[in-house]
Structures are given as C-alpha cells and as structure tokens.
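Participant: What follows is the residue order along each chain.
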Amino acid sequence: MGEALYDYALRLGDDSLVLGQRLSEWCGHAPMLEIDLSLANVALDLIGQSTHFLKLAGEAEGKGRDADTLAFHRDVLDFRNCLLVEQPNGDFAQTIARQFLFSNWQELLFRELMHSKLEVIAAIAAKAVKEVTYHTRLANEWMVRLGDGTAESHARVADGLDWMWRFADELFAVDAALETLIGDGIAADMRLFRGEWDIRVDKVLADATLEIPKPRRAATGGRIGHHSEHLGHLLSEMQFLPRAYPGARW
Amino acid sequence: MYTTELNDKGRKSSLAPVVAEDPALLAAFEARVSADDFIEPKDWMPEAYRKTLVRQISQHAHSEIVGMLPEGNWITRAPSLRRKAVLLAKVQDEGGHGLYLYAAAETLGTSREDMIEALHSGRAKYSTIFNYPTLTWADIGAIGWLVDGAAIMNQVPLQRASYGPYARAMVRICKEESFHQRQGYEIMMTLAAGTTEQKRMAQDALDRWWWPSLMMFGPPDDNSPNSAQSMRWRIKRETNDQIRQRFVDVTVPQADAIGLRVPDPALAWNETRESYDFGEIDWDEFYAVVRGEGPVAKERMSARVKAWTDGAWVREAASTHAAKRDVRAAAE
Amino acid sequence: MSSEWPLWEVFVRARNGLAHKHVGSVHAADARMAIEAARDTYTRRMEGVSLWVVPSAAITASDPAEAGALFEPAADKIYRHPTFYSIPEHIKNI
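Chains as they are written, first to last, in this note's numbering: chain A, 1 to 250; chain B, 251 to 582; chain C, 583 to 676.
Hints are computed from structural coordinates only; laboratory data are not their basis.
These numbers come from a predicted model, not from an experiment.
There's no promise every hint is true.
Simulated crosslink set (EDC-like; lysine to aspartate or glutamate; CA at most 20 Å straight-line) [stated by the list, open to error]: (1) B/LYS556 / A/GLU152; (2) B/LYS556 / A/ASP162; (3) B/LYS292 / C/GLU591; (4) B/LYS556 / C/GLU586; (5) A/LYS214 / A/ASP162.
Bound-form chain A, shown alone (with noise of 0.2 Å):
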C-alpha cells in the first residue's frame, strides 16, 4: 500500500505543482492587473495543494524525503502529473482552455476524495474543493467571455481548445495500481464522474459557442512518468538552485 500510495500522492501532489508552475509564468504579464491577482491566486492554491500531497508522498515512502526534496530532486520518469497541466501557457485563450479542461475535473475529483478513507486526503480534499470551485468558475466564465467575445478571442480559444483536448482522456484513465486503491476507498474513481464532466464541459463549451472538438487519439503516458517535451525544460527552471546548490538551506 506504501507504493501504491506514494505514487497516488505524486499524480495529486505533481499536477497542483506543475500547473502552480505554469501559472505563476503569468505574473506582471497578464493582460489586466485585475487578471494578474487572478491569475496568481490560483497559483498559490495549487502550490499550497501540491506541498500537502507531497508531503503524505514523502510519508508513504518512507525514505525521509519531504516535499521540497520531491518537488526539486525527481527528473521527468518520476513525476507523475498528466500530460494537460504540463503543456505550454500559449496565449491567455490556450492558459483558459487547459484550466478549463483540468479544474473542472480536479473539483469533481475532490468532491469524491473528501469521502476518502484516507483522513489526510479527505483533509486535504475538504479544504482544496472550495478553491478548485472558484478556480472552476473563473476559468468557466473565461471560456465564454473568449468563445462568445470577439471573432479573434473565438478563434484562439478554439485553437487553445484544440491543443489541450488530446490530454483529456488522460484525466480519466485508472491503472491496476489505482484500482487497488480505489478498492480501498482510498482513491477516486475517476471513470464516474466522466459522464458529468462531458456535461459540464459541453454546457459551457455551448455558452461559449464553441463546438465540441472532435474525438481524436488520447495522449497519456504522464502518470507513468513518460511526458512530453515541455516537462524537462520546466524541471531545469524549478529545480535549477537545489540541485546547482547541493546541501544548501533556502
């Protein structure tokens, strides 16, 4: 269960951290200062969410590794978050189109885990479902105001849309591993809530008027630790005075 539960903290813990990650890119960059504290909020609430997963990480392996060793000492086969968040900020359309996609599913994913047998991420879950809830909202309303605004907003968050889409199923995917855990009661089942998600992302991609993109071949292969190209170069950025710095105190 150790393993099982290591690495299930991992895929939660690393999807908040890289996402955080990508987000903070933004800062003193946005295109309205209001965006901006926008922006950044829902960064700190992934940071935040991202040390407390990888902290139960740290426990269930028992090595005496804690979160800030996790975050800046894994290369790429041992980070376990989906392909989604670790794709590029693009345009603010391609940002709100992957926030889309992923806070819409991480808020059903914590309502369920709030029921976990598992104290620690129930806790978790608790406290993180009432952010992703606002962070749902935020990048819901975007995706109208960018699909149902200008021709060009149409057009770019059509293209952001089309980018991201290939890393939905991912979100969904349960291994043999996770089906242990699922068992256990201590890991969502995330296959039922699938159904929900569709009709959320449709309604809003309706509002929008944006067209449902069509089905195409999934991208995966995160949660295994196989990402693409982008993660090794995030990694050298956030990693970079940990490792240059060997035994340091920050």
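Dock chains B and C against the given chain A, drawing on the hints supplied.
Facilitator: Just chains B and C now, with coordinates in the frame of chain A:
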C-alpha cells in the same frame, strides 16, 4: 521613494495654476489641511494639489506594477515550495497595491488607461529602484529587506496624508507591507548563515542594491524644490534626506547582525549626531536612471508594453461579450 | 479606446453585524468579473464575508458645496443627542 519627485535634473516642475484660483477657497483649503482634516474626492482643491497628487499616486502605482517584474523573475526558480508561495503572495500583494493606488488616483479625474499610456510613453515615472536587475536569488532577499524597508519608512506617515482615498490606500498597504520586509530579511539571514557560495551571493546582492536603495529617497533636499509645498499639503511628511538618514541608521545594524558588510567605505558611526555618516551618492547615476537610462529600464518597459499590447484582444473580447449580454438582457 | 473596462466601486462587509464599507474600486468588463476582481484584490486576507460591486457611474454623490444645506442643520438640533438630558447618576442602565 515610490512617491519621490522624479523631475529631470535642473527642471522645475511647473505647478503654477493657469487660471487664478479664488483666494477664499484657497485659504479655506489650506486651513482644512493644516487642521489635519481630510480632503475627499469632490471637495474643492487647488489645481496644483490635484495635479501633484495624480502624479504622486500614479507614480506609486506604476512602481508597484513595474516592481512585480524584478521579483516575478524568480518565482519559477524559487528554491523551495515555501519560498515560491511566499514570493508569489508578495508579488500578488504588489499588484494589489497598484490596484488600490490606481483606484485612488482615478478619484482625481484621471483614468487607468490614461495612466498606463503615460507610463508606456515614458511621461510618467516609476521608482528608480526597479530599473536594476535581479541576478541571483539573494537579490530577492535584498529587495524585500532594503526596498520594502525603505518603502515602509515613507508609507507609514502617509497613512495620514491629506487626501482621503490616498491615506486609506496607504493604511491597507502598510498592513500588508511588514510581511514583505520580513520575508526578505529572512532570506538574507538564511543565506548569510549558509554555504560559502550562499554567503557570497548575499554579500554580492547587498553590494549591488545598497546604493540604489539610498537613491530611492530621491534627490538631496536642496534639489527638491517642491518639498515644502508638499509637506504643507500633507502629501509628504518628511524631507528626502531625513528619511534617508533614518533608513541608514536602522539598516546598518541589521546588516551587522547577519555578518554582511555595507559597501560604503565612508560609513562611520558619528557619536555627536548619534547617527551614521555615510558616503556621497552618485547623483549622475540617479539622474541617468530617472531619465530612463537605468540598466534594465528597456526590459521593464518593453515587458509592460508587451503585456498590455498582447492583452488587447482579451480586454476587447471581455467588453464585447459584456455588451452582447446587455443587449440580450434588454431584449428579454 | 472602446474596450476600456468600466470602473466599479467595491463594498465589503467584514463580519456579520457590520455594514458594508467602501474599500476602493476595480475595473471589470461585467458584474461577475467585478466580484471576482474585488475578491482577489480586497479580500485576499479573508477580510470579508460579503462583497457588493456597483458601477461607479450608478452612484450619485452629494455635492460638498451643498454640505451646509444637507447636513449642518442637525448640529443645531441638539435634542437628538442623549447628552442633552441629564439623568441622575444613581439611575442605572440608561
């Protein structure tokens, strides 16, 4: 300071009103201000007061926004999760401070768009300090410790500035500011007590940020022609040299406490004045930076202009969508 | 520029029992965005349970020049103030 008058050397800013103002109104205004009363947005005020405030408040706002860039430069490379979160929160606070101040300035008859245009065109200034680059993680510590430390010294008395919206914005800002300075000093403490390389990083940051921090307080008093009027109007509480001296007196012991050396060979405790004597500031450098020739002035401005320009379609989409919604709502 | 977002005034109620207080303004394209901007700007440190946003253009303000006519007469009508009535010290709870 973020609010220091940043006129090009030798050029007096023209604050004389074009139209002669009613002496009775002027006298009543001066009496209210000297009685520690607050002036609120729709109250009568001399044109020079309004103009000075628009310039000062918007300059402060611009400083907060541009200030997000040197620190924002290190968020993705912060060396621990806690440092990343704290830095992100600090930079977010700075954005928020900019918002409070733009809001206060807008009560005086200018618009966010006008102020941004003034910044991007170079007409409006922002604090000179943000034209210096952040080269290492230690710079983040130095900025929190020195730059926020300097800002706090200026901002605390402005909580009783004569203009209500400005004073209230300053109260909000002051509440949030002390965490900023503490996080910076804590970084410096950690580095100064760390590995040889970390100590070197910390000392190097202090070497580069010390003098620009002293320059933040603005030109010497004998080259600040409008100080007296601003002080009478309670939009400036002390002279540049006074606050600068206090900053040195407070900060030198903080450097001593963590074993860092202030890069000033002329620095010496003066027993008679009970204050530190310190060396001459390079005023050529100061005025060059004010003119827009700071080391990374181009980088700062182009980043801000790019964000605004690249974001135009987003702002337009939001406005267009809102208009569409209004039309639909009216039709129902 | 036609795409400029309008200004909204923000009012925050910090705790139940208190009234909403004006805290500043935000720019937003619509009401929903204004609420979110107000939340992100003015309640970052949990400083509120309730937010109101009002388009600045919708607010009518009194004219300070008329302040005398609107407000000063109350200063004469001192009978509204409890200090006008002298109650003997030994009467409690009043």
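Participant: Does each hint hold? Answer for all of them.
Facilitator: Do the hints match the structure? See the list:
Between B/LYS556 and A/GLU152 the CA atoms are separated by roughly 18 Å; this keeps the pair inside 20 Å, and the hint holds. For a cut-off of 20 Å, the pair hint linking B/LYS556 to A/ASP162 is broken: about 25 Å separates their Cα positions. Note on B/LYS292 and C/GLU591: the hinted pairing holds, with a Cα-Cα distance of about 16 Å set against a maximum of 20 Å. With a C-alpha separation of about 17 Å, the suggested pair B/LYS556 and C/GLU586 falls inside the 20 Å cut-off, and the hint holds.
The suggested pairing of A/LYS214 with A/ASP162 holds, with an alpha-carbon distance near 9 Å, which does not exceed 20 Å.
Consistency note: the structure conflicts with earlier hint 2 alone.
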